[in-house]
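*Asks:* Here are the chains, one letter per residue:
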Amino acid sequence: MTLNARIKIQRDGFELDVQLDVDEGETVAVLGPNGAGKTTLLRALSGLIPIVGRVELAGEVLEDSETRVRVPTERRHVGLVFQDHVLFPHLTVLDNIAFGLQAQHRADARHVARDWLQRAGLEDKATSMPRELSGGQAQRVALLRTLATEPRLLLLDEPLSALDVTIRAEVRRELSRQLASFRGVRLLVTHDPLEAIALADRIVVLERGHVVQSGTPEEVTARPRSRFVADLAGVNLLRGKAHGDHIKLANGASVAAPEAGEGDVFAVIHPRAVSLFLMRPEGTPRNVWQGETENVDLHGERVRVRVNGPVPLVAEVTPSAVRELHLHAGAPVWIAVKATEISVYPA
Amino acid sequence: MTQLRVPAALVALAGLGLLFFLLPLAGLIVRAPWNQAAASIGSAETVTALELSFFCSVTATAIALVLGIPLALVLSRTSGTLRSVLRALTTLPMVLPPVVGGVALLLAFGRTGLVGSFLYQGFGIQIPFTTAAAVMAETFVAMPFLVIAVEGGMRSLDPRYEEAARALGARGWMVFARVTLPLLRPAISSGAVLCWARALGEFGATITFAGNFPGRTQTVPIAVYIALETHPDSAILLSLVLLAVSVAILVAMRDRWLGAP
Chain A
1 MTLNARIKIQ
11 RDGFELDVQL
21 DVDEGETVAV
31 LGPNGAGKTT
41 LLRALSGLIP
51 IVGRVELAGE
61 VLEDSETRVR
71 VPTERRHVGL
81 VFQDHVLFPH
91 LTVLDNIAFG
101 LQAQHRADAR
111 HVARDWLQRA
121 GLEDKATSMP
131 RELSGGQAQR
141 VALLRTLATE
151 PRLLLLDEPL
161 SALDVTIRAE
171 VRRELSRQLA
181 SFRGVRLLVT
191 HDPLEAIALA
201 DRIVVLERGH
211 VVQSGTPEEV
221 TARPRSRFVA
231 DLAGVNLLRG
241 KAHGDHIKLA
251 NGASVAAPEA
261 GEGDVFAVIH
271 PRAVSLFLMR
281 PEGTPRNVWQ
291 GETENVDLHG
301 ERVRVRVNGP
311 VPLVAEVTPS
321 AVRELHLHAG
331 APVWIAVKAT
341 EISVYPA
Chain B
348 MTQLRVPAAL
358 VALAGLGLLF
368 FLLPLAGLIV
378 RAPWNQAAAS
388 IGSAETVTAL
398 ELSFFCSVTA
408 TAIALVLGIP
418 LALVLSRTSG
428 TLRSVLRALT
438 TLPMVLPPVV
448 GGVALLLAFG
458 RTGLVGSFLY
468 QGFGIQIPFT
478 TAAAVMAETF
488 VAMPFLVIAV
498 EGGMRSLDPR
508 YEEAARALGA
518 RGWMVFARVT
528 LPLLRPAISS
538 GAVLCWARAL
548 GEFGATITFA
558 GNFPGRTQTV
568 PIAVYIALET
578 HPDSAILLSL
588 VLLAVSVAIL
598 VAMRDRWLGA
608 P
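Chains as they are written, first to last, in my numbering: chain A, 1 to 347; chain B, 348 to 608.
Calculated directly from the structure, the hints in this document are not laboratory data. A hint or two may mislead.
Stated by the list, open to error - Pulled a few chain B residues facing chain A out of the computed Cβ check, cut under 8 Å: (1) 507; (2) 508; (3) 513; (4) 515; (5) 517; (6) 518; (7) 521; (8) 529; (9) 530.
Quick reminder that beta carbons are idealized off the backbone N, C-alpha and C, glycines included.
Sequences are here, hints too, so could you generate the full structure?
*Replies:* Here it is in structure tokens:
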């Protein structure tokens, strides 16, 4: 069973243009910032909004704008789990789960629903109303409600982002377990890299309606192709034109990097490879710029310092370095990056 | 939070407005022949009028529910010019003088009317001046109240509930019966109460289209108007009954559906 989708949607100056192929047994996370078109993509796959293109699931054409095929949502056997559960507020937890089974005219709907609740350890909530559940419980019930219908394609819209950070890990573990035992195609969209890395085998990065990168979580974070992913991975991403041993940025600044190659390239610099000095440093680093501290951000034992200058960069230093360098917003500072610490790859 | 001080002149005007509401009601209560109350309200004609009013207004509300909820659904799902036209048509009876509504109903369903002539010649059915006519007149005038309330409820309904139901495999009718309708219950309840209250008080369209036949078309408001000429005391008492019903509705609505602001 595979999902093959080619989706184009154009409206209100926004364009979504995505080619997506997901195999059975693989969990794909579509990762992107808010407004990238993630939810629109899920709604299109569910048949809630019409598309230009073609959606094929397990060999069956669900939608094809050329042959004007369009299977309505209720006949797609597509399970859609919303960001904030959308449980029916007037039905008990049990009836919420039984709803989809009743739609399939199954006489044992409530019996099967009870089994699902039992397996999830939520049987004591069977007669509760959705408003009586905690956020985590509601989201788990919403997932059960969808899984109970045994969809061929499972679509999860930011399944954890509406939850408290404190319970997110717990729900994520359960979600991960449920995903592993789900037979069908699994697709989730999220803006949270942790969610994507924890749950997905493959990440598709979506920005402004277009796929900018795709690969395993390791591949994507090691070689970001967009500022969004670079920020997620916590690294500095530069883009410019390589000329042998240096890269020329769009603003004219030059960054030395051995074997940069030729043409359009990305350069990744880890914040730990960025050193800060009060005075111009002498010695090996070939990349030295003067800048101005924009902000100082404490992350546990490490401090992230964003420095503006010809090459704006984030540096990661120790708290004692912050004191010694008198770093604060607006403070002048020198930045140095060893050329060998810069990894370059074609854009 | 500090409240803005209202200028004294405005307070005076507000008091005048309130007095204008209260004085007629006070008049009713002061002038009511309380010693005859039981006998007058218990009299055969009064009971008949009350029963008929109750029957007609409840039937009109039931018809409004059956036709008005689907109408509200269609209204809430259309847009553009069509919506404006549909909306104008459904709300017209709210602003139309009821007596004009009665004349219009006569022209449509009267013996020589658009549909009425066909009904009369084809089946010998004559609608005007029957209880059915009274029900129709009340439905005509009162249904918009229900449609507007339910349409408002539908517009404020999160569409994702219906989307979730469809994604779970529910077809149109199941989505409507198991999700849309139950979620609309507050809007339907308040709309039905408003509709019923309007039907209960209906006078102009009813007397024009259904006339004044005790036991058949003489509802309480018509009985009040007629009695004012002959038995003013019983007119006052009947008015008090309608007043009590209105107050009861207001109280019930505030507590159960409108909620404290």
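*Asks:* Now tell me if each hint is right for this structure.
*Replies:* Now for the hints, and whether the structure bears them out:
no. : hint : in the structure
1   : 507  : holds (5 Å)
2   : 508  : holds (6 Å)
3   : 513  : holds (4 Å)
4   : 515  : holds (4 Å)
5   : 517  : holds (4 Å)
6   : 518  : holds (6 Å)
7   : 521  : holds (6 Å)
8   : 529  : holds (5 Å)
9   : 530  : holds (6 Å)
Figure legend: structure checked against the earlier numbered hints; every hint is met.
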